[in-house]
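J.: If you read the sequences in order, they're chains A and B. If you're matching positions, the first sequence starts at 4 in the numbering used here and goes up one per residue. If you're matching positions, the second sequence starts at 4 in the numbering used here and goes up one per residue.
These are computed hints drawn from the structure, not numbers from a lab. Please read these numbers as outputs of a predicted model, since none were measured by experiment. Check before you lean on any hint, since a few could be wrong.
One-sided and incomplete, this derived list gives chain B residues near chain A with beta-carbon spacing under 7 angstroms [said to hold, decoys possible]:
1) H49
2) I183
3) A251
Simulated DEER-style distance windows between Cβ atoms [claimed, not checked]:
4) E202/B <-> R31/A: 28 to 36 angstroms
5) K184/A <-> P20/B: 52 to 60 angstroms
6) K178/A <-> N168/B: 29 to 37 angstroms
7) V219/A <-> G185/B: 34 to 42 angstroms
8) K178/A <-> K184/B: 53 to 61 angstroms
9) L91/B <-> K6/A: 51 to 59 angstroms
10) P20/B <-> K178/A: 49 to 57 angstroms
11) P7/B <-> K184/A: 26 to 34 angstroms
Beta carbons are placed, not taken as given, at the ideal position from N, Cα and C, and that holds for glycine.
Number of protein chains: 2
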Amino acid sequence: MAKPLILVSNDDGITAPGIRMLVEVAMRIGEVVVVAPDSPQSGMGHAITIGNTLRLDKSIAFADLGVEAYECSGTPADCVKLAKYYVLKDRTPDLVVSGINHGSNSSISVLYSGTMSAAIEAAIEGLPAIGFSLCDYGHDADFSHIPDYVEQIIRQALEHKIPSNTTLNVNFPKKSNEPIKGIKVCRQAHAKWQEEFDERLDPNNRRYFWMTGSFVNFDKGEDTDEWALVNNYISVVPCQYDLTAHHAIVRLNEWNF
Amino acid sequence: MAKPLILVSNDDGITAPGIRMLVEVAMRIGEVVVVAPDSPQSGMGHAITIGNTLRLDKSIAFADLGVEAYECSGTPADCVKLAKYYVLKDRTPDLVVSGINHGSNSSISVLYSGTMSAAIEAAIEGLPAIGFSLCDYGHDADFSHIPDYVEQIIRQALEHKIPSNTTLNVNFPKKSNEPIKGIKVCRQAHAKWQEEFDERLDPNNRRYFWMTGSFVNFDKGEDTDEWALVNNYISVVPCQYDLTAHHAIVRLNEWNF
Chain A
4 MAKPLILVSN DDGITAPGIR MLVEVAMRIG EVVVVAPDSP QSGMGHAITI
54 GNTLRLDKSI AFADLGVEAY ECSGTPADCV KLAKYYVLKD RTPDLVVSGI
104 NHGSNSSISV LYSGTMSAAI EAAIEGLPAI GFSLCDYGHD ADFSHIPDYV
154 EQIIRQALEH KIPSNTTLNV NFPKKSNEPI KGIKVCRQAH AKWQEEFDER
204 LDPNNRRYFW MTGSFVNFDK GEDTDEWALV NNYISVVPCQ YDLTAHHAIV
254 RLNEWNF
Chain B
4 MAKPLILVSN DDGITAPGIR MLVEVAMRIG EVVVVAPDSP QSGMGHAITI
54 GNTLRLDKSI AFADLGVEAY ECSGTPADCV KLAKYYVLKD RTPDLVVSGI
104 NHGSNSSISV LYSGTMSAAI EAAIEGLPAI GFSLCDYGHD ADFSHIPDYV
154 EQIIRQALEH KIPSNTTLNV NFPKKSNEPI KGIKVCRQAH AKWQEEFDER
204 LDPNNRRYFW MTGSFVNFDK GEDTDEWALV NNYISVVPCQ YDLTAHHAIV
254 RLNEWNF
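Isolated chain A (complex conformation) (with noise of 0.2 angstroms):
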């Protein structure tokens, strides 16, 4: 049985650890090709580059590990594009994971995140695809307690398909001196950022500012994503990107219009 082909891509650019750790336990499983930024895109959403030029080479990054890769100067979501149109063309890939990414994206975070930006493009293109994230800021974050769950989480989803139209945003707690306690299905935390502003005056005394914010969860329910990563559990959430409010509809077609 040939081996299933994975595409791999991220946010923190190819050079970062995470996407490392990921690409090595794909190979364990799969013929791995990487189309990943060539610098950080962090908080890019799910942001294109239209009306800009696009540059996309060969990269050496995993030339070590005999892993075809290519560095683009766009965003996560045109990684997955020009892998998917132009790199990989006829030849489409069983699974495309993202990340490991440095840093959570559970709950509300989701929409801000370039990780799952990629998951979530492509989805959009029918392909199974998963996000990572680890919570863990640190360009040297602790990847050491994870890779077997990464490996379990990527077999089980090419042995029992992500279901259509969706896409799995998997979050890992940081590395600590409690053993993770396991694997749980949630859904998106309520939450949000509280955000301030860090207002200083540049060298010409002209204004800047620093946006620096703090996480509040909302939501007491056991089933999110939050309790499992705060209960070290690893939190998956299936993710779609029809945005509809299907249950408003009801609502607003009692307004005059």
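Given chain A, put chain B in place with the hints provided.
T.: Frame of chain A, contents of chain B only:
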């Protein structure tokens, strides 16, 4: 009774004709404050600026109308965050409106849309919000057939309240000889962009690409935004930021985790 406070943003930038039309309509109804990008941000999706600084300056773009306005170096989502946490602070807007976008944001384009990311960001912040887009990509797009409809939708939203945790994605047909037939509440059509990459060589003989694409609608439903627009109706889709594919949770709970 105090006039409602209406916050206006967009993604085509503060000098685009579409936002001027929206400000003029909003002024018929309430007090208007503008916080918009200082340059075009089309296709920025739900990107936010992290790891980099933001500028925010008073803008003279609407001085002729006597409207308080600010221009921001960031994305549409950044603009809404800055508006809420810095510009308006204790003043809570009664409504946030974004647009009017030069170009369609119907069906799958809602994910790539900077216009809609401003509206969705407002919804995350608990603010009622509407994104408006016209199916005409030109900088000189003709908005003359829609201001009264924009006013009607804003007034209805203020009167009936937008359902919690949702925001409205409103798209208008391009101006034609056919009159608009009315306003339809719709769901997001199942569609995607089929991409092509136009490969070129720069003056140094290095390869670059333009992404081009054509829109493909897979959805035969007559309750979709695409159906409405093709049939010369205005489409109104309620959108949510909970991406959980709740129906898929049962399926995933059969996996071996």
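J.: Decide, hint by hint, whether the structure agrees.
T.: Hints, verified against the model:
1. H49: Because about 3 angstroms separates H49/B from the closest Cβ in chain A, which is inside the 7 angstroms limit, the hint holds.
2. I183: violated, 12 angstroms
3. A251: holds, 4 angstroms
4. E202/B <-> R31/A: 28 to 36 angstroms: Because 34 angstroms falls inside the window, the suggested range holds.
5. K184/A <-> P20/B: 52 to 60 angstroms: holds, 56 angstroms
6. K178/A <-> N168/B: 29 to 37 angstroms: Hint holds: Cβ distance 34 angstroms, inside 29 to 37 angstroms.
7. V219/A <-> G185/B: 34 to 42 angstroms: Holds, since V219/A and G185/B (Cβ atoms, about 41 angstroms apart) stay within the stated range.
8. K178/A <-> K184/B: 53 to 61 angstroms: holds, 59 angstroms
9. L91/B <-> K6/A: 51 to 59 angstroms: holds, 55 angstroms
10. P20/B <-> K178/A: 49 to 57 angstroms: Holds, since P20/B and K178/A (Cβ atoms, about 53 angstroms apart) stay within the stated range.
11. P7/B <-> K184/A: 26 to 34 angstroms: violated, 49 angstroms
When the structure is compared with the earlier hints, violations turn up for hints 2, 11 and for no others.
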